[in-house]
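Participant: Heads up: the protein sequence lines correspond to chains R and E, in order. Just remember that our numbering sits 1245 ahead of the position in the first sequence, which is counted from 1. Just remember that our numbering sits 15 ahead of the position in the second sequence, which is counted from 1.
Check the hints yourself; a few may be wrong.
Sample of chain E residues at the chain R side, in silico, Cβ under 7 Å [what the hints assert, rightly or not]: (1) GLN681; (2) SER682; (3) ARG684; (4) VAL685; (5) LEU689.
Since the hints were made in silico from the structure, they are not lab data. Beta carbons: idealized from backbone N, C-alpha and C, even for Gly.
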Amino acid sequence: MNEGTALSMLGTPGAVALMVSAILFTIGVIGVLLRRNAIIMFMCIELMLNAVNISLVAFSRVHGMEGQILVFFVMAVAAAEAAVGLAIIIAIFRHYEVVDLDRFNLLRW
Amino acid sequence: MVTGVVSALAAVVAPAAQEGAFSPVLPWAILGIPLAGAILNGIGAFLWRDNRSIPGAIGPIALVATFAVVLVNFLGMQAAEPHDPTVVGLWTWIESGSLRIGVDLQFDQLSMLMCMIVTGVGSLIHIYSVGYMKEDPAISRFFAYLNLFVFFMLILVLGASLPMMFVGWEGVGLCSYLLIGFWFDNREYSNAGKKAFIVNRIGDAGFLIAMFLLFVAFGTLDFVPLIENAGSLAYGGALVTGITMLLFLGCTGKSAQIPLYIWLPDAMAGPTPVSALIHAATMVTAGIYLIARMSVFFALAPVTDAVVATVGAGTALFAATIAIRQYDIKKVLAYSTISQLGYMFLAAGVGAFTAGMFHLMTHAFFKALLFLGAGAVIHAVHHAWDHDSHGQDGHVAHGDPNDMRNHGGLRRLMPRTFLFMWIATLAISGIPPFAGFFSKDEIIWYAGAYGFPLLWAVALVTAVLTAVYMTRLMVMTFHGSSRTFGHGGAEKTKRLLTESPAVMWVPLMVLAVLSVVGGWVNIAPALPLPDVEWLHHWLEPIFEPALHVMQEHRIEAAHASPIGGGEALWAEISAVLAVIAVVVTFRVLSPRTVPTEAEAPAETGFSKILHDKWYVDELYDRVIIRPSLALWRACWKIVDVGIIDGTVNGAGHVARLFGWMGGQVQSGRVTTYLVVFMLGALLVLGVLA
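Okay, chain R solo, but in the shape it has when bound:
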């Protein structure tokens, strides 16, 4: 199955979903790269994960249900990650009273 046929099989709603996914993902990446606040970066990562989820759901129209099953896995992992990540951020905040990641560079050579 070549690209052209795959895209044509997505149809208009699928294409829109992919575009939304791409926009959301880009926003996430830019947020992660440009922002220094750990909470905001964390939220941007969530944004990227969910952008991927959208594209997975969109592709499941063509490739079957596996993509949607994978979304549940991503959500489970994201929840776990949120629990651990937020705990770390809270621990950092308690210690330094800031969450600006530029201030933390202890783990280096």
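Starting from the structure of chain R, add chain E where the hints point.
Facilitator: For chain E alone, coordinates are given in the frame of chain R:
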């Protein structure tokens, strides 16, 4: 033990009964007894720290017992008159391919003569040492070293192969080092020991290379086959010249000849009996012994012979000039020893091997006597000063007991030592009928007769110088006024300075007798005296091959000196010259007032050059030692630190540089990681898509 000795005796008596054959009695005991003495005293050095009589007994007893065994063998050989040497194999030492070196002992006239000298003079010096070293706390160590020295010296003379001889050669060098630095808490003394050892290394290298060459040429290193096959080498060829020159280099080290003589004067740092035994009577004559042993090779190399004779005569004259201007009594004797060894090499070089061995023997007697007498003087002066400082006003600063300017007037206080020392002085000066006259005169005569007129003249001049410096020594030490406690201290000296005990002067007396009669064993037939050529006859089998070669290739000994006159006439002339030298020196020096060491003015002019030993040590320091040190320093700084360490450290530095560069990536900044991560992801996508 007793049954063992009896059965061993029985075993050797049976073959000894055969006609003309000689079989050594208890050959292992000759080496075993001194070694046992050394081991006992070595253990004793730790066990008997407070007991000085046990080591004092073991050392001399071991030597006297060895002497007894040697004497039995000597008399046995005298009776049997064997023509060929007897080699006693004890066990195999090295066996590798065609090389076989056994622990073999060679019994022939030469080795027995040397054994007699080593153990005979050695016994007397051991007995003397009991008195001399009585108050030294390390007497056990002293006798251990001394016995060990005799053990190695006997290996040197009895070894039947060059490697065996080399073991003894190095062993006596070791003992010499240990005994020079006997009082090792004095840095100067221990340095003197090191100097002796290091200077000898240079000569030993020559000895070793000569051995390698001989093995390549003959495939064996045992003396008997070597001497038998020596004729296969071309007369005057490069190989035999090279071998003998290298052997002679070894001799210049051990026997203190130019250019390696510099260690011997410093070796006087050791106790005086050591100077007498090792650095006068025995070890330093090892070079002469080596030439005598290898005489046929030297006879085959006329170039080497000329070098040996020239170096010998040159050393004799050179050392005699230095001896004239020394104040340390032992230094005078040390330079005198170097000078007399030069005579022996002159004899060996011109081909008069018997004369060389003869002088070796007589020199052992009178030089041991001189050293022991000097030791007695030093001992007495030292004690007088010691008594003084223990007396009234606590410690009194005194000078050097070796310095003759602190002696003087000892003839009445030490009459026996005085008498014996004069006998030795007359002997070394070459005045008949004392021992030195016969041996030295033979050497001088043969130097002229075998066509070395210049060396003949040098030897004659040196003979006069010898008489001068020895008379100077006697005058400064025994005649004149006492200076031991300053010029006004004659009364004090008389009270405190005493003759040495019997244990010290009896050996002196024996040596004095030997210094008188020792020369009578070989009286040249030309002299108007009874014709006794015992030594010449005795050593005939040893030097037969060498003399054979010489007769074949060289001029006959002349019957007149280079400027005319026969042997008898020149013997009389040299005797008269020596007497004149002694009398004139005595007349000139006796009335002079010698300043004490403390008030002596600095030397000036030519006498300063002589006093400072022609600046040879300084020359070596500038020409050899400092450039060597500079070279080694350069090797250290440039090659070792610069190149070798630089390479190793450079490798480390490069590794660290890479590590640092890698480390810079780990900035610890999450944002940087994220940027890189993203770029990486894009790259992967770009490649895959």
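Participant: Taking the hints in turn, state whether each one holds.
Facilitator: Against the structure, the hints:
no. : hint   : result
1   : GLN681 : 4 Å, holds
2   : SER682 : 6 Å, holds
3   : ARG684 : 5 Å, holds
4   : VAL685 : 5 Å, holds
5   : LEU689 : 6 Å, holds
Against the hints set out earlier in the document, no violation occurs for any number.
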